[in-house]
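Student: Spelled out, the chains give:
2 protein chains.
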Amino acid sequence: MECKDVGILAMDMYFPPTCVQQEALEVHDGASKGKYTIGLGQDCMAFCSEVEDVISMSLTVVKSLLEKYHIDPKLIGRLEVGSETVIDKSKSIKTWLMQIFEESGNTDIEGVDSSNACYGGTAALLNCVNWVESRCWDGRYGLVVCTDSAVYAEGPARPTGGAAAIAMLIGPNAPISFESKYRASHMAHVYDFYKPDLASEYPVVDGKLSQTCYLMALDSCYRQYCAKYEKLVGEQFSISDADYCVFHSPYNKLVQKSFARLYFNDFMRNCSSVDNDAKEKLQPFANLTSEESYQSRDLEKGSQQLAKHLYDIKVQPSTLLPKQIGNMYTASLYAALASVIYNKHASLSGQRIVMFSYGSGLTSTMFSFKLNEGQHPFSLTNIASVLDVTAKLESRHVES
Amino acid sequence: MECKDVGILAMDMYFPPTCVQQEALEVHDGASKGKYTIGLGQDCMAFCSEVEDVISMSLTVVKSLLEKYHIDPKLIGRLEVGSETVIDKSKSIKTWLMQIFEESGNTDIEGVDSSNACYGGTAALLNCVNWVESRCWDGRYGLVVCTDSAVYAEGPARPTGGAAAIAMLIGPNAPISFESKYRASHMAHVYDFYKPDLASEYPVVDGKLSQTCYLMALDSCYRQYCAKYEKLVGEQFSISDADYCVFHSPYNKLVQKSFARLYFNDFMRNCSSVDNDAKEKLQPFANLTSEESYQSRDLEKGSQQLAKHLYDIKVQPSTLLPKQIGNMYTASLYAALASVIYNKHASLSGQRIVMFSYGSGLTSTMFSFKLNEGQHPFSLTNIASVLDVTAKLESRHVES
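So the sequences go chain by chain: A and B. Counting from 56, one number per residue, gives the positions in the first sequence under this note's numbering. Counting from 56, one number per residue, gives the positions in the second sequence under this note's numbering.
The set of hints was computed from the structure by calculation and includes no laboratory data. Take the hints with a grain of salt, since some may be wrong.
Identical chains blur together in the list; that is why a pair holds if it fits in one copy or across any two.
[As the list claims (entries may be wrong)] With a Cα cut of at most 30 Å, we get these calculated DSBU-like pairs of lysine-lysine:
{"no.": "1", "residue 1": "Lys118", "residue 2": "Lys283"}
{"no.": "2", "residue 1": "Lys356", "residue 2": "Lys123"}
{"no.": "3", "residue 1": "Lys129", "residue 2": "Lys90"}
{"no.": "4", "residue 1": "Lys263", "residue 2": "Lys88"}
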């Protein structure tokens, strides 16, 4: 059976039609002006109304994907869900979605729910891709659903909420295909964010620790990703080899910091992607211990400024939906990917997108996609058209 | 890279050293004599003491497996956990287990937790096997952990509790290898068992519905398993082609019913494995609708009697640990597999074990293993010796 270029054939996305502007939230919360818009880098936050939850959002997005790409439900052989929004402690979200397939008599669909904070969707995606590449693959499509509603107790984390569901169809000959060999993970036992109060929707979150963990995991994944690439390809890898860098986005400011951190990594690894002027300016930070480097505001600010011109090209196109919707937990990274596809689909063929998935607790993976236009209905153009981001954003009801 | 016969290379198991005899529980609960021992078919029920939980059990079993098979922690490339015992709504059990690997500097280990009732362990196992067979496999081992503590509110379900953790090492050239092509699943949206009260450990369970769902799922998986086998092999499949049938065991009585149900399926499909005497005796049930067939006590009793001689050979060796420990949720099916390996390791080479995994809600898969003695330390003999079941059972503290 043909099994080349396994990856994402099609995408669709649902997010609540209700949102609040971060500017209005600043006023409501009595926060200083710019705290959420500049401090966090966020524009709006979507939220579920009383008739929506992760189940309804995922039912909607799966039905919509099947319809819009004209996929017979019988052609799905695997369905996996990534989520950290617990509606039931035993029954998986996947079983709810089986309602859509039972009508067609297709009950032979492997997969359940994968869970670890914001990372579950990536686990589900990698599982689905492995299934297509494995000996048991029977030629049918995989389907991955990332669905979450992120809500926080009153306080500094509350403006980092959000909600969405994303569905992705998986198979061979994909326009968004995996470069399997360079995948690198960093997994560790940390309490940066967790949900020990089972009766509450709210997490316990240590914002500062969580941010450091995120950057440490990013460093570790990037180091290993580069090492694996270099071993196989025989050339140095640097951010100049990535056309786009897509990060899990709890809030945009951390994405800005993350890209700057990759730039600092490239400087420390003496990559030619860092120009001489930048090398000079970063030299004073070369001897920091890694712990010191996570804490240095000067390094953070300096590297962000130096990487700004590259950020605008390689990262900014991915930030549209995360800035407009907020943290979507498992859906966040794929909403950022959807933003790139939507914004840049006409020029993506032959390009590489490097992805960084992070879930507190913690689990993280860096991996990359190679893009090609593909064949209708599984083409970048059609995915961008189905996503229809501008219309969806414009039709929202904005609470003020 | 060599990638033949992917499956289970090694197993280890931990269960609490404390248990209660079902006979004593009958007296304590004021239940009629034999209600739990004959009615449920159970001997003992293990339970966690106040210093044990799913995390401690899984830490213990993973450390033990690595030590007993002399596996360098650096050689693990994937670690997945199946569980429905929620300790935290966000942080996966997998992250706790990373403590074991961080010491060796190995943080590049993919995988998170898979969850749907008792089925999560099977999802984790299939994911790990697919990973080894996929293009991204880097030659390292996978590790699957099934861990649960099953506790019920006072009432008829309470004696069906139990607790255990099982670890399985995954890789090529395995003594217990997958027959990937015949895998069949049945997935549906049902409320036979769920845990909607997030603050409680206890499930909401409809015992009668759950049993019917289990048997319906079994029928559906078996039908599809046979169809896939017959399409590929060109011969009819019947239980005579399985040397052992291993079922998820919430309580032993359901396992007895399940095997009889497969026998009835073989009768309905006119298989030669059903002798003429049995065909005559089952004829009166041939025209029942499937709904009627699930409700017929006469059919249940009759088919159990007719299948009894085969049950003793093909199923009974798998029932040791589930009868002695109780329902272990995700670990239950693999404790039954461990029982077969322990009891029959010397005669398993060349044989086929058919497995049926069920998780309420519902998710289910039937699949099969081919066995060979393997090479030390990954041999059936060594697995049986590491499992050391008799000594573990004999050293238990029995509450009476």
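Student: Each hint: holds or not?
Tutor: Checked hints:
When the C-alpha separation of lysine 118 and lysine 283 is checked against a cutoff of 30 Å, the pair qualifies only between copies, where the shortest distance is 28 Å, while the shortest distance within a copy is 39 Å. For the homomeric pair lysine 356 and lysine 123, neither the shortest alpha-carbon distance inside one copy (44 Å) nor that between copies (51 Å) is at most 30 Å. Proximity of lysine 129 to lysine 90 under the C-alpha cut-off of 30 Å is found in neither arrangement, the shortest distances being 49 Å within a copy and 44 Å between copies. Taking CA atoms no more than 30 Å apart as the test, lysine 263 paired with lysine 88 passes inside one copy only; the shortest distance there is 21 Å, against 60 Å between copies.
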